[in-house]
Amino acid sequence: MTGKFSVPRHVMVRQLGDDRVILDVTSGAYFGLDSVGSRIWEMLSQRHSPAEICERLALEYDVTLERAQSDLARLMDDLKANGLLDVD
Amino acid sequence: MFSLLESRAQDAPETAAFAEWHLPDGATAASFHRTGLGYLVRFPLLADFEISNDTSAITCHPTPSASQATCRNLYMNQVLPLALSKRGKLVFHASAVELPSHRAVIFAGPSGSGKSTLAAAFATAGCPFLSDDGLVVEEADGRKYRAVPSHPSIRLWTDSEHALLGVGPQPIEAPRSKKRLGVKTAMAFCDEPRQLSRVYVLGDPDAAAPRFEGLGGSQALIELIKNSFLLDPQEPSLLASQFDRLARLVAHVPCFRLHFPRAFDALDSVRHAIVVHAGNPH
Chain W
1041 MTGKFSVPRH
1051 VMVRQLGDDR
1061 VILDVTSGAY
1071 FGLDSVGSRI
1081 WEMLSQRHSP
1091 AEICERLALE
1101 YDVTLERAQS
1111 DLARLMDDLK
1121 ANGLLDVD
Chain D
80 MFSLLESRAQ
90 DAPETAAFAE
100 WHLPDGATAA
110 SFHRTGLGYL
120 VRFPLLADFE
130 ISNDTSAITC
140 HPTPSASQAT
150 CRNLYMNQVL
160 PLALSKRGKL
170 VFHASAVELP
180 SHRAVIFAGP
190 SGSGKSTLAA
200 AFATAGCPFL
210 SDDGLVVEEA
220 DGRKYRAVPS
230 HPSIRLWTDS
240 EHALLGVGPQ
250 PIEAPRSKKR
260 LGVKTAMAFC
270 DEPRQLSRVY
280 VLGDPDAAAP
290 RFEGLGGSQA
300 LIELIKNSFL
310 LDPQEPSLLA
320 SQFDRLARLV
330 AHVPCFRLHF
340 PRAFDALDSV
350 RHAIVVHAGN
360 PH
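First to last, the protein sequences are chains W and D.
Residues in the first sequence are numbered from 1041 upward in steps of one, following the numbering used here.
Residues in the second sequence are numbered from 80 upward in steps of one, following the numbering used here.
Don't read these hints as lab results, they were simulated from the structure.
Watch out, some of these pointers could steer you wrong.
Unchecked claim - Sample of chain W residues lacking proximity to chain D, with all beta carbon distances greater than 12 Å (derived):
hint, residue
1, His1050
2, Leu1063
3, Asp1064
4, Ser1075
5, His1088
To be verified - Some chain D residues near chain W, calculated using beta-carbon distances under 8 Å:
hint, residue
6, Leu84
7, Gly282
8, Gly296
No experiment lies behind these values; they were computed from the predicted model shown.
From the three backbone atoms N, C-alpha and C, an ideal C-beta is built for every residue, glycine too.
Model the full assembly from the supplied sequences, consistent with the hints where possible.
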């Protein structure tokens, strides 16, 4: 995975505890992120590269780098498919 | 201002629907269309409601086969809450009751989930109800919220009416599938706003006994979004404002999922469990 990602302007996010809820104001669709997804979202919005995010995930959640890469790829595919993440 | 006009057939609307509500069998319950002056909300085979953009004027054209009572019920239970949402109010598919603590709790859920029956069960036991659906919640003094009373009537299914009221109040209108019961002395009504202390989202109807499940912030927010009235989900500024205010509400008012048996002989124990639960510090 390469490149940076950004949050489109039509997307609103609210953090509640460890979780986040995302709202696409153009479609009215909303999505929930659990604590891990929420942490990934936080790092994406801070414009960390996918490689940096995987390293931090592996460290913070005590998982292998491969597991972190798989989880990140799956979440990012979901977010992109729903128009919640732009590729720069 | 609401006006009931002459009946007319439902001709093809000016624009395609931008949203629809569906019945459990997939049939369209309502379709939403933009017009030059605002919105058209069409209830197929029943009535067309035209809402002006500023929501100050709402007109109804019933179909030739629809009764005035049906139109009034559609207006009170569906159209008026939608209009209020367009004005920026938080309006929920929820009933509300005042507990002995003089705080309000609300029961949120779709039609048929039991919110009207719960409200009636409290009201017949001396805990006044504020609304049985289309509940408006207002922010007051920063972190506090209050439930606002609506029309002093409850719509009950016939079996609920008999179980709770026996002969009871006479029906004042006859909607399509529920009776709207005017409140006389059998059910207490609270006609002033009350501070909101708990939100209960109605859950598992097969629970053997009342059970409360705490909802985390994001779960609570999603449940309130699902149970909100919103006339125009494609108006970004209104959607964003609602999202923000709902997020603030769940941050300040404890939310739970309430699983309880939908048996009439269990209502007393359910009511008691709610009073105890709502009275405990959270």
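Going down the list of hints, with the structure as the test:
1. With a minimum CB-CB distance of about 7 Å to chain D, His1050(W) fails to clear the 12 Å threshold, and the non-interface call is violated.
2. Residue placement check: Leu1063(W) does not keep its beta carbon more than 12 Å from all beta carbons of chain D (closest about 5 Å).
3. At roughly 9 Å, the least C-beta separation between Asp1064(W) and chain D is not larger than 12 Å, which violates its mark as non-interface.
4. Distance check for Ser1075(W) against chain D: the nearest CB is about 10 Å away, which does not clear 12 Å, and the non-interface claim fails.
5. Remark: the non-interface label on His1088(W) is consistent with the geometry, its nearest Cβ contact in chain D lying 22 Å away (cut-off 12 Å).
6. Hint on Leu84(D) is violated. Least Cβ distance to chain W is approximately 31 Å, over the 8 Å limit.
7. Given hint, Gly282(D) at the interface with chain W, is violated; its Cβ is 17 Å from that chain's nearest Cβ, farther than 8 Å.
8. Below 8 Å, beta-carbon pairs count as interface contacts, and Gly296(D) has one with chain W at about 3 Å; its hint therefore holds.
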